[in-house]
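Order-wise, the sequence lines are chains A and B.
Sequential numbering of the first sequence, starting at 128, is according to my numbering.
Sequential numbering of the second sequence, starting at 342, is according to my numbering.
Honestly, the hints are just simulated from the structure, not real lab data.
Where is the CB? At the ideal position from N, CA and C, for every residue including glycine.
Take every hint as true, because none was put in to throw you off.
Only pairs whose alpha carbons sit at most 20 Å apart, straight line, appear in this in silico SDA-like list of lysine to any residue:
#: 1; chain 1: A; residue 1: 230; chain 2: B; residue 2: 388
#: 2; chain 1: B; residue 1: 608; chain 2: A; residue 2: 360
#: 3; chain 1: B; residue 1: 608; chain 2: A; residue 2: 361
#: 4; chain 1: A; residue 1: 230; chain 2: B; residue 2: 373
#: 5; chain 1: A; residue 1: 257; chain 2: B; residue 2: 406
#: 6; chain 1: A; residue 1: 230; chain 2: B; residue 2: 377
#: 7; chain 1: B; residue 1: 608; chain 2: A; residue 2: 359
#: 8; chain 1: B; residue 1: 446; chain 2: B; residue 2: 608
#: 9; chain 1: A; residue 1: 230; chain 2: B; residue 2: 374
#: 10; chain 1: A; residue 1: 257; chain 2: B; residue 2: 405
#: 11; chain 1: A; residue 1: 230; chain 2: B; residue 2: 364
#: 12; chain 1: A; residue 1: 230; chain 2: B; residue 2: 366
#: 13; chain 1: B; residue 1: 408; chain 2: A; residue 2: 255
#: 14; chain 1: B; residue 1: 408; chain 2: B; residue 2: 392
#: 15; chain 1: B; residue 1: 551; chain 2: A; residue 2: 140
#: 16; chain 1: B; residue 1: 408; chain 2: A; residue 2: 258
#: 17; chain 1: A; residue 1: 230; chain 2: B; residue 2: 372
#: 18; chain 1: A; residue 1: 257; chain 2: B; residue 2: 409
#: 19; chain 1: A; residue 1: 257; chain 2: B; residue 2: 402
#: 20; chain 1: A; residue 1: 257; chain 2: B; residue 2: 624
#: 21; chain 1: B; residue 1: 446; chain 2: B; residue 2: 436
#: 22; chain 1: B; residue 1: 408; chain 2: A; residue 2: 256
#: 23; chain 1: B; residue 1: 551; chain 2: A; residue 2: 136
#: 24; chain 1: A; residue 1: 257; chain 2: B; residue 2: 392
#: 25; chain 1: A; residue 1: 230; chain 2: B; residue 2: 370
#: 26; chain 1: A; residue 1: 257; chain 2: B; residue 2: 391
#: 27; chain 1: A; residue 1: 230; chain 2: B; residue 2: 384
#: 28; chain 1: A; residue 1: 257; chain 2: B; residue 2: 621
Pairwise CB distance ranges (calculated):
#: 29; chain 1: B; residue 1: 646; chain 2: A; residue 2: 310; range: 40 to 48 Å
#: 30; chain 1: B; residue 1: 368; chain 2: A; residue 2: 317; range: 22 to 30 Å
#: 31; chain 1: A; residue 1: 361; chain 2: B; residue 2: 653; range: 45 to 53 Å
#: 32; chain 1: B; residue 1: 644; chain 2: A; residue 2: 132; range: 37 to 45 Å
One-sided excerpt, in silico: chain A residues whose CB lies under 10 Å from chain B:
#: 33; residue: 214
#: 34; residue: 247
#: 35; residue: 254
#: 36; residue: 255
#: 37; residue: 338
#: 38; residue: 367
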Amino acid sequence: MARRFDVRAQSGFATVALFTFFLLYLPVAVLVAYAFNASESMTAWGGVSLRWFAAAWQNDAVQGAAWRSFVIAASAATIATIAATMAAIATTRTPPYRGLSFKYAFINQPLMVPEIVTAVALLIVFSRIKVWTGYSGLGYLIAAHAAFCIPFAYLPIRARLESMDLTLESAAADLYATPWLAFRRVTLPLLQPGIVAGYMLAFVISLDDVVITEFVKSGGQDTLPTYMLGQIRRSVTPEINAIATAFLALSVVLVTVFFFINRRRTEPQPAYGDKA
Amino acid sequence: MEPSAIPALEAAVDAPRVAEHAARRDLTGRWLLSAPAMIIIFFAAIGPLFVMLAYSFMAKGDYGDVKLGEFSLDGWFSVFLQRDIFDDTVTLADAHLSIFWRSLKLSLVTTLVTLILGFPTAYFIATRPLRSRDVWLFLITIPFWTNLLIRTFAMQQVIRNEGILNSLLIATGIIDQPLQIMFTDTAILLGMVYVYLPLMVLPLYASMEKLDFRLVEAGYDLYAGRLGVLRRIIIPLVRPGIVAGSILVFIPSLGAYVIPRVLGGGKTMMLGNLIELQFGGGRNWPLGAAISITLMILVMVALLFYVRNASRLGAQHG
Chain A
128 MARRFDVRAQ SGFATVALFT FFLLYLPVAV LVAYAFNASE SMTAWGGVSL
178 RWFAAAWQND AVQGAAWRSF VIAASAATIA TIAATMAAIA TTRTPPYRGL
228 SFKYAFINQP LMVPEIVTAV ALLIVFSRIK VWTGYSGLGY LIAAHAAFCI
278 PFAYLPIRAR LESMDLTLES AAADLYATPW LAFRRVTLPL LQPGIVAGYM
328 LAFVISLDDV VITEFVKSGG QDTLPTYMLG QIRRSVTPEI NAIATAFLAL
378 SVVLVTVFFF INRRRTEPQP AYGDKA
Chain B
342 MEPSAIPALE AAVDAPRVAE HAARRDLTGR WLLSAPAMII IFFAAIGPLF
392 VMLAYSFMAK GDYGDVKLGE FSLDGWFSVF LQRDIFDDTV TLADAHLSIF
442 WRSLKLSLVT TLVTLILGFP TAYFIATRPL RSRDVWLFLI TIPFWTNLLI
492 RTFAMQQVIR NEGILNSLLI ATGIIDQPLQ IMFTDTAILL GMVYVYLPLM
542 VLPLYASMEK LDFRLVEAGY DLYAGRLGVL RRIIIPLVRP GIVAGSILVF
592 IPSLGAYVIP RVLGGGKTMM LGNLIELQFG GGRNWPLGAA ISITLMILVM
642 VALLFYVRNA SRLGAQHG
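Could you build all of it, start to finish, from the sequences and the hints given here?
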């Protein structure tokens, strides 16, 4: 039987693609494997063990850093999501007005500047404010994180709003709902998936941040990523692999949830030749 | 009570004025609503950049920081030039130039390699049946959202002297001394390709997903070969994705800090590390500020190139 000619096939592409997937997952697989290594050494394999997870769990510095990471991510994501929701409502479902594109540029600015540049700029300003006010708490980190989380939270919320028209809100207004009531009972419930997606994105982005945190933090304010960065410089033990693996697992869970929330709304186009 | 005709008539006369008033109120409301986001970004992102611009024109302090308000061009002077301490001759700052050159070179090569690997990968995903396509896409999305530092660290474990790559090569007898990959340009390149690859695949996939394969079929009907179809039909159609992916990889590569710090060590620096050095051991904040702004300008140029390219493509196909 002659093989049907497939217009979509390109020779060698599948091989390169599979090789790419292999490359993407090999290093992470090695990292995770060594987290379960019973041996002290980073080279020899000494059987499967959870001792490095136990060691990390009992390490006060790791516990403190993990808690700080969580507090910063939760606060920054909350602030960013509220601010981004308000900004998204202000910039969608309207005929273009003066300053609209200025607002887009302003809100997306943190995405346009290399992180290291923002980091040293914040170092300059915050170090002076720290001296002037004497306050050196987590507030600086939360503010810095909230700022770069806003564009990430804004994206899905804006996308969601743009897919909603004003009919339902107009109907609510016709039924004598005040603007606030219409917002709370109509707009907000419809907008909820976008807000959840935005919050999760902001949370993950804040949790992952290394560079800005590294430059803004005061002494003793390590988050999990900056703690790991410091450790990688010194002697490397499988304990870091264990921390990284736990961190990885958390990110994968968050991303999976996010992926499926998003997937439900935007089904991909069927490929050419697919049976409907 | 019967509604009288008179207020209705008045309202009709007033309608344009009322509408205009409502529009103005709506606009004020929209500015108030966007205020919190803009204020946060102003104070913790944009504002500090202007402060940094000012710092780049000040004299450096003796122990870091600057002498506030003391104007000096030394910071900018030192970006590309240096003055000999003995005879005051001005020469090019070779150390800085070589770091600028390394950053540009490594970013360009990273973009190229991710494109070579990413293009077939995105094409492969886009041509899968609908159900398995989701799985492949998910497999790209996961590394995209996992921590950059962790992925860099993972790469370090593969390429270090006692790492899996060297162990494997020695075990198979291909080499007998471990390859020194760590702390070289190659290490940084491998790290950047590995970390930024998803940034190339995702926009490429987005444009390939929309590819109309009837055009490809038409190409074959007109006796084009596989390569001809790829070169004359597929690549021109997905060009917006190629441009977007290249920009998305090039820009963070240029400003990379974590990857060269972990894989390049102290000797093999990129711009990000040069900036950090000025704020740390170098104690030359004005110079650090000037290099940061230079880096920002390089990124702006790349973005401008992208915007111009995108609008031209839009005009072509629109």
